[in-house]
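2 protein chains.
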Amino acid sequence: MEKRIYNFSAGPAILPEEVLLEVQKDLFALPGVGMSIMEISHRSKPYDAIHTEAKANLSKLLGIPDDYEILFLQGGASLQFSMVPLNLMPPKNKADYISTGSWSKKAIKEAKRVGTVNIAATTEEGEGEHKYFKRIPKQSELKLDPDASYVHFTSNNTIFGTQWQTEPEVGKVSLVCDASSDILHKKIDVKKYGLIYAGAQKNMGPSGVTLVIIRKELVERSQDSLHTMLNYKIHVENDSLYNTPTTFGVYIIMLVTRWLLKMGGLDKMYAINKNKADILYRCIDESGGYYKGHAEKDSRSLMNLTFNLSSEALEKKLIDEATKAGYNGLKGHRSVGGLRASIYNAFPTKGVEDLVSFMKDFQKKNG
Amino acid sequence: MEKRIYNFSAGPAILPEEVLLEVQKDLFALPGVGMSIMEISHRSKPYDAIHTEAKANLSKLLGIPDDYEILFLQGGASLQFSMVPLNLMPPKNKADYISTGSWSKKAIKEAKRVGTVNIAATTEEGEGEHKYFKRIPKQSELKLDPDASYVHFTSNNTIFGTQWQTEPEVGKVSLVCDASSDILHKKIDVKKYGLIYAGAQKNMGPSGVTLVIIRKELVERSQDSLHTMLNYKIHVENDSLYNTPTTFGVYIIMLVTRWLLKMGGLDKMYAINKNKADILYRCIDESGGYYKGHAEKDSRSLMNLTFNLSSEALEKKLIDEATKAGYNGLKGHRSVGGLRASIYNAFPTKGVEDLVSFMKDFQKKNG
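Protein sequences appear in the order of chains A and B.
Residue numbering for the first sequence follows this note's numbering, starting at 1 and increasing by one per position.
Residue numbering for the second sequence follows this note's numbering, starting at 1 and increasing by one per position.
Treat the hints as calculated values from the structure; they're not laboratory data.
Please note that the accuracy of each hint is not assured.
It does not matter which identical chain is used: a pair holds within one copy or between any two.
As the list claims (entries may be wrong) - Computed cross-link-like contacts, DMTMM-like style, restricted to lysine to aspartate or glutamate with a CA-CA straight-line distance of at most 25 Å:
#	residue 1	residue 2
1	K186	D298
2	K268	D354
3	K172	D48
4	K109	E129
5	K112	E220
6	K45	E315
7	K360	E296
8	K316	D48
9	K109	D224
10	K324	D48
11	K131	D26
Please read all numbers here as calculations on a predicted model, not as lab measurements.
Produce the entire structure from the sequences given, and follow the hints as far as they go.
Written out as structure tokens, the structure reads:
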């Protein structure tokens, strides 16, 4: 078997080894089907069973109430940046957006093409090319419009390594969440949300499939004038099969969610994630300032841990040596620099422990 | 190894066994990379090599000139039904569409949301719920507007089993083609086209990735007011990496195109496809009317071969017995009925020969 390395990539990201082995085993022909998952019709019984189980597993894991629909779409979160306002902004044509990072800003850019965007809060700091985010706003900072069509926020910010510890309180207005980078990392109260969307490529599967969970009553906002593929109502009416979905991607989501259920569900997953992040944050906090966390402590992400060393040269040295030692993908996003360890659901605790040993050793040698 | 059956599915469809075996071998970890193709960053060197080779292979196979761009997008042909008019219809806001089947009609529906659609020709026959198509229009039937933004046609009609034997002549107007179901089945003269789009799931790979080949000068029509993900110019500027593409799908396209080059390119592929289709059409034509081809002879598709028997009961009997014998996916589309054998590039000649034996035997027993 080909040797695997530790993959700290921010996404597409690590998948459970158990899942990869099962996909590999059945890749040539699904048992009892005689064709590869890539070759079967999206209207066939074997695919229907996969599609249905993926939805059922997600419902169980997240406790999705009956008055919500689950969709598997294409185009990533980036297409949702447009689909959300196109479908949900009318008829009031105004929405609140909370800006906590680069992805929030991209969502805002598309929403402005549709209607009026009220920036309910932004935690951006710095000037010109050196703008950055390092925290999530407090509830008291939010300037919400009670008449807005919805409030949009980004639950986890991969680039800056910040994460909402709990969702904002928005009263009776529908809450919309881009959960691309932390979906399924813990149980959330879906009832509090009007719509949740997430690209699959961090905690669910490969890139190319986008999960949308939407409260049924919101689907009524979609107007017939919308282009068919951009219309939530069409996708709901066709159970995501208006056109051919990313069948392979839905198959992987089915297997990953089955794996999550088997290992104990999202409370168990959260405990593991919390422990993994604690191990690395402790190393940072106890380094005497050798390693400096980028995010403020009460805004820290469990998924993407960002930190710096005292100089870019030292950061480069660590990244180079780490890569050689089999710790891949630690370079921070170009807009922040430094290091970023992305430790999604499937990332093993042992990998974090090994990285911490490596970092302590590096500090000793280069302190 | 799990036994495989003959897969006549219209799409997602059969892939080369050689490709499936290679994907299976490397699924757990790409050699020299140590991560699954599903886990690597779309901005990593290993993915860049895959993305670049997929484009280079397509260029070689189709002889794509330097003044064309090759994109890997999401959303299938169905999203292109909207993206084509949104990007290419302005500023004249009128385009010609040739209607040869259900997919043409869907493309027309979206185009009408953007501007004026002139139906340059339609070969639809019948009334009410019994409308159908059985032929491609003659060049002399086309009522083209020399001032149109473009002319759109569907090169192959999966449902009705008709196919353009050569592209329509449209003078100086840009020709746009939905080639989802016959791309790469033979060499075409790309210079004649302004834009070619195709979902991958017939001749190229799994569902979830869409190929777009566009003449560079046409990209200039894309207006800044377009939503980012719907803007060809943005995708061109970012080499399809504005957001995370369907990396797994592009990987399969790379392998399938590599397989096509290895087996001799598209002229060789066309000879094989022609021979395969001839074997089955001969069986139909020499059955003394027992099997009746749906499409007119000069409009017959090499990819999807549609035919009927004398009664629905007999058709059902044949499909049931064929399925039991390992010939899967022969049921015609619900809007046409009858039978459909989809024999894309990867479908083996032996499978067609075996089906013909089966059909002759069935005729003997039920003649």
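_For K360 and E296, with the copy left unspecified, which applies at a CA distance of at most 25 Å: within, between, both, or neither?_
within (22 Å within a copy, 75 Å between copies)
*When no copy is named, should K268 and D354 be tagged within, between, both, or neither for a Cα gap of at most 25 Å?*
within (22 Å within a copy, 53 Å between copies)
*Under a CA distance limit of 25 Å, which applies to K109 and E129: within one copy, between copies, both, or neither?*
Intra 18 Å, inter 44 Å, cutoff 25 Å: intra-copy only.
*Taking 25 Å as the upper bound on the Cα-Cα distance, should K186 and D298 be classified as within, between, both, or neither?*
within (17 Å within a copy, 60 Å between copies)
*Intra/inter-copy verdict for K45 and E315 if alpha-carbon distance must be at most 25 Å*: For K45 and E315, only the inter-copy Cα distance (21 Å) is at most 25 Å; the intra-copy one is 52 Å.
*Are the CA atoms of K112 and E220 at most 25 Å apart within a copy, between copies, both, or neither?*
So K112 and E220 pass the 25 Å test inside a copy (22 Å) and across (23 Å) alike.
*Have a look at K172 and D48 and pick one of within, between, both or neither, based on CA distance no larger than 25 Å.*
neither (36 Å within a copy, 46 Å between copies)
*Homomeric proximity label, K109 with D224: Cα distance no greater than 25 Å*: both (24 Å within a copy, 12 Å between copies)
*For the identical chains here, do K316 and D48 meet the 25 Å Cα criterion within one copy, between copies, both, or neither?*
Between. Shortest inter-copy distance 22 Å satisfies the 25 Å Cα cut-off; intra-copy 48 Å does not.
*State whether the alpha carbon distance between K324 and D48 is at most 25 Å within one copy, between copies, both, or neither.*
between (44 Å within a copy, 20 Å between copies)
*asked:* As a check of your reading, is K131 near D26 (CA-CA no more than 25 Å) within one copy, between copies, both or neither?
replied: For K131 and D26, the Cα distance exceeds 25 Å both inside one copy (47 Å) and across copies (41 Å).
Going down the numbered hints, you'll see the structure goes against 3, 11, while the others check out.
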